[in-house]
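*Asks:* Now for the letters of each chain:
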Amino acid sequence: MSVLSAAFVTVFIATVIAQAMPLLLASVGETIGEQAGVLNLGIEGVMLIGAFSGFVVTLATGNFWLGMLAGAVGGVIANLAMLVLNVWLGLNQIVIGLAITLIGEGLTSVLYLQNYSKSSTSLGTAPELHIPFLADIPVVGPAIFQQSGIFWVSLLLAIAVGFFLAKTNWGLSIRSAGQKPSSLDAAGGSVVKIRSQAVILGGAFVGFGGAYLAELTTATFTPFITNGLGFIAIVITMLSRGRIVFVVITSFVYGLAVAIGPALQVLGFAVPADVIKMLPFIVVILTLIIFARSSVVPPALGAPYTRGAR
Amino acid sequence: MFTFSSRGNQRRVITRVAVLATTGALAVSLAACSGGRGGDESTGGATTSAGTTVSKFALVAPENESDFGWNQAGLLGADQAATELGIEVTLVPDAGWDNTETVLGQVADGGAQFIIAHASGYGVAATSVADAKNVPILIQDAGENIPGKIAVTKTQAQEGGYLAGIAAAMTTKSKTIGIVVSADDLNWFKMSAGFAEGVYSVDPSITVLYTSVGPAAYADAAGGKTATEQLIASGADVIFGMGDGATHGYLQAVEAAPGVKYIADIGDVTSGLSDPSVLLTSVLWNYGPTYVQAIKDVEAGTFGEAGYELTTENGGLSLQETDQLTPEMQTAIDTAKAGIADGSIVPTPATTPDEVAKVIAAKGA
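Top line first, the protein sequences correspond to chains W and P.
Under the numbering used here, think of the first position of the first sequence as 45, with each following residue one higher.
Under the numbering used here, think of the first position of the second sequence as 7, with each following residue one higher.
Isolated chain W (complex conformation):
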């Protein structure tokens, strides 16, 4: 069997998707929050809580959909800290975000080690959705059109968010809360209410992304499983300037960068391990350098809103 076989290319494409999707979902969640003016640096911790919640429920029930739902709920619960402390009480977003990250890391590690460290934690493979005709296309078909239904639902959700942010009154209110919250307030909207919705929905997406990572990308959970993915999501979100299409593209570029390192080694190229690990980050940094000039964050990002304050 040749190393660079059709099976290898199929797995390579599937790997790109598997690596990109958790980042995509987390970035979509962060985008919703940032567009509303809430910078959530706790996304890493929220992802971990979502991943752990999804892992526990899937392991217990064997149902991947329930696991994903649990991940989303876990993400919302984790984001409640941001909701209460920042949106409602006006405390510093950066401090709260870092605290959420640390809590997420510590909590999930402790719970995992206490309950699952001495038994099989394999979730197995999620049921695949075989799309007629398309799944039979050589090489690409099995990689893309035999994915779990969760993959397609995730993509649809991301597209829906893009649409709602850009084309609806609700999306306009979200963006107003991040651009000029006082204007939203003057127009009769509630900045606190809009930001609360954004934080809750954002938490659900980030938790969903964490659950995707545990259930479909890794098929298990380990402490610190995110490996900094949440922080990359923050960068991608800032670069994307609220455009979900760009979030999708950058996430898949990241997935490509992750998948290509081991692939080159398997193909016989002497790629140092350091390069393999750095490659995705280099790609993100290069993207930053190329697009930094045009990256604009919402003016009210990171600033708690107090009515009447100047």
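Everything labelled a hint here was simulated from the structure, so no lab data went into it.
Incorrect hints may appear among the rest.
Unchecked claim - Here are the simulated lysine-lysine pairs, DSS-like style, with alpha carbons at most 30 Å apart:
no. : chain 1 : residue 1 : chain 2 : residue 2
1   : W       : LYS162    : P       : LYS160
2   : P       : LYS62     : P       : LYS181
3   : P       : LYS62     : P       : LYS179
4   : P       : LYS160    : P       : LYS369
5   : W       : LYS162    : P       : LYS62
6   : P       : LYS364    : P       : LYS179
Claimed, not checked - Label-pair restraints from in silico Cβ distances:
no. : chain 1 : residue 1 : chain 2 : residue 2 : range
7   : W       : THR350    : P       : ASP104    : 50 to 58 Å
8   : P       : ASP209    : W       : THR105    : 40 to 48 Å
9   : W       : ILE333    : P       : THR358    : 30 to 38 Å
Computed from a predicted structure; not experimentally measured.
For each residue, glycine too, the CB sits at the ideal point set by N, CA and C.
Start from chain W and add chain P according to the hints.
*Replies:* Only chain P this time, still in chain W's reference frame:
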């Protein structure tokens, strides 16, 4: 206006109090540290560990037994040594990589008469604590023996890898075997090179593929799964995985691929598998006899005069018995083990990825 001014004053007061409190805490900490050092120096110079009876010892490990590898082997070895000698052991898993000196110092203060610092990265802190607390400490992989204080354990991992390579070569049907490591780790370079040589000793026509998850991706399960899936997609039907927490990812990839066998390293991964028949074998590292010998050396006053080694000959390295190892494989493995013991087989102890690549490219020549 008054309100703003008042708030400004309040903030200044709070800031000053915080600065004073922090400075005070820092001063107290420094005083405590300097006091501790002084005390240690006075006692450290007066006594040695020669002839100390060990009734209690401790092992400090960066992670816990759930890694199916390095940490599991150390913790099991300490338990085994305590049971064999009938003495007390304090196990400190999940000590991490920060504050190592503090943790080791606290363990020494807790009454341990001998400490095992179970990570190659603990060497510097261990040497410092051994000196300050006058407690003999066993370190890993690198460092110098210091009589009465420090002894180094090294592993001839290439020997275990060689035996596993024989089992892999006699198992593969696709004639392609994969090696996946999660870090640039000396022992894994050794084991990978030995493994490839073991494979080629059976059949030089077999293709050996090698991939790394990252320079220190010990716990990267997602990356481990990705790398292993690509090896399997390249035709590998036997995977030799080295990886601590990343092992979870290797196992997921292997279990999802029918017909693929897995060879583990250091520990027993059976409990992490849904189907244990996937496991061909594991290169087990047994620290128990080494720890027993080290404790005996502490009691005899000879600790630190020489280091310790885990080899196939002394039982420190062995292959895990499974139903997948056929009698023919076992015979070939025993023959190779005898060859290693008498020096007729000398697996290459590679120390870099380039050396591993050369061994793989040489195809046993």
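*Asks:* Run through the hints listed earlier and report the numbers of any the structure violates, in increasing order.
*Replies:* 2, 3, 7
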